[in-house]
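Peer 1: Chain by chain, the residues:
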Amino acid sequence: MDAWSNVVEIISIVFMAIGAFFIFVGGVGALRMPDFYTRMHAASLTDSAGPIFILIGLILHTDSFLVAIKLFTVLVFILITGPTASNALASAALLAGNKPSLAVKQTTAE
Amino acid sequence: MIFYIVAFALVITMCLALVRAVRGPGLYDRVLAVNMMGTKTVLLLAVIAYIMGRPDYIDLALAYALINFIGVFAVLEFFRTRESQLALTSSTTQSGQEKALDEQGGQS
Amino acid sequence: MIEIFNIFLMAMLVITALAMVSSRHLFITVMLSGIFSLLVAAIFLFLDAADVALTEAAVGAGISTVLFLGALALMDVEETARGERWVRVSSLVVVAVTTIALVYATFDQPLFGDPNAPINLHVAPWYIENVPVHMGIPNIVTGILGSYRGYDTLGEVFVVYTAGIGVLSLLGDPVKNRMNRPVQNHGLRHYLIPRVVGRMLIPFIILFGLYVQFHGEYSPGGGFQAGALIAAAMILFAILEGENRALNVIPMRVLYLMMASGALLYGGVGVATLFMGGNFLEYTVLGSTMVSGQQWGILLIEAGVGLTVTGVLITIFHAFAARSNL
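Note that the protein sequences, when read in sequence, are chains R, V and Y. Read the first sequence against the working numbering and you will find it ends at 111, with the numbers running on by one and no gaps. Read the second sequence against the working numbering and you will find it ends at 109, with the numbers running on by one and no gaps. Read the third sequence against the working numbering and you will find it ends at 353, with the numbers running on by one and no gaps.
Because the hints were derived from the structure by calculation, they are not lab data. Heads up, a few of these hints could be off.
[Stated by the list, open to error] Reference excerpt, derived from the structure (chain R facing chain V, CB under 10 angstroms, subset only):
hint, residue
1, N7
2, M17
3, A44
4, V75
5, S92
6, A93
C-beta: ideal position from N, C-alpha, C; glycine also.
Using the sequences provided together with the hints, build the complete structure.
Peer 2: Okay, structure coming up:
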């Protein structure tokens, strides 16, 4: 029983480290990418992946069932609202005329 | 110990998002920065609740995860309203506002 | 170890404030003020103040940004006038002198968290010992703001109500303003994904708001936070479906009723305790024992606070949104 709880603790530490790594990579990507859409891509991908790992690591670490349920609810809401917000923001930017910087220019002499 | 490392990574990423918010050319980059700060704050609240040893504080993370994206939708609505307003004022050559409103009402 | 995080977050706060002041485009300022509220909420949580952090996150980062954007939709987005040079320099001097005087005054205060400070020797232990005896609830903050400092919270509810009336008197009745505009806009109705996901989430936000309201005695929560969460759900509905439909779903007369009845409930509890033989807002006479009376009193006044805050925040949003092309 003691060995099992040690294993669970090690798994939770590894998950949280992976999650922290994803979050950091997302931050660096949002800073260094050249265009708005590429920054959006970096930020929204890692904003889904990072919380998954961090929150599952926290769930594995707790003792009480209620706290695990609450963390799971937080994860579900982040996974539902994060991609929706990114989609809405990107489509609003595209509809307003913000073209990607590598967009193919349509020439008149086709 | 791992909690401190995760919290540190989150705070560093919030700094990077802040740089994007201050520097970002254009309006959409700043909205992106606010969205990033929002999700990082949710995670930071959950991790701080563990550092302090009080799991009751997870309610704050849940509340904030629900409120975070209302800001993004409000921004979208603001842009859409501004677009329609700018289209309205630039399409009229005279100062008749009723004519422009009729035109808009006919389109939508 | 925690102090390092506090220093980082406060440094980011200063940078955000400087960026807010130095930008001339008001939309950028509004976005940066949302970031400011998030950082302040995180700092409050590091300082172990959970109720305040919840209120700051719900009101400052959610509702405040939406209301600022609603006001910004009615006017120009660039700051035009700058002010003359002598005005700017003299105001900077006044602010700098006041700041230096205040910082100098903080040197006389006891250190933060000092166990020998008077507040930690007399006031705080009294509250910590007496809240379980008098009221039997675990959340000491709710006990203090609901019962021991109940007059203060009564004043706050009246201030919130006055803010709602003030905005209505400046901007006019939303329904009349809406009827005068022949433009019918529909919100984000044509964006399919936000609409579906948002409509799915609104009942959960309202349910969580009710959870926070009634659990204010056991975990961080209470009337103010719950009012902000439920108002945020209704504002989300108004953004997604358009202002006309939102005004049909919850009519203005219901909102006026909510605003007034919350404050009336709070004052009414006070008057009722007067008639039952106690002092104004002495909850002990409301129940058979002291503990049950206090719990009933706190429950009723928190309900009053939640009603008023919800009504006022939704009313202020409608007052702005009814005048724009929302």
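Peer 1: None of the hints should be skipped; say for each whether it holds.
Peer 2: So, going through the hints one by one against the coordinates:
At its closest, the beta carbon of N7 of chain R sits 14 angstroms from a beta carbon of chain V; the interface hint therefore is violated under the 10 angstroms criterion. For M17 of chain R, the shortest C-beta to C-beta distance to chain V is roughly 5 angstroms, which falls under 10 angstroms, so the interface hint holds. The interface hint given for A44 of chain R is met, as the beta carbon of that residue sits about 5 angstroms from the closest beta carbon of chain V, less than 10 angstroms. Given hint, V75 of chain R at the interface with chain V, holds; its Cβ is 5 angstroms from that chain's nearest Cβ, closer than 10 angstroms.
Here the hint on S92 of chain R is kept, as its CB sits about 9 angstroms from the closest CB of chain V, short of 10 angstroms. A hinted interface residue such as A93 of chain R counts as satisfied when its beta carbon comes closer than 10 angstroms to some beta carbon of chain V; here the least separation is about 5 angstroms, so the hint holds.
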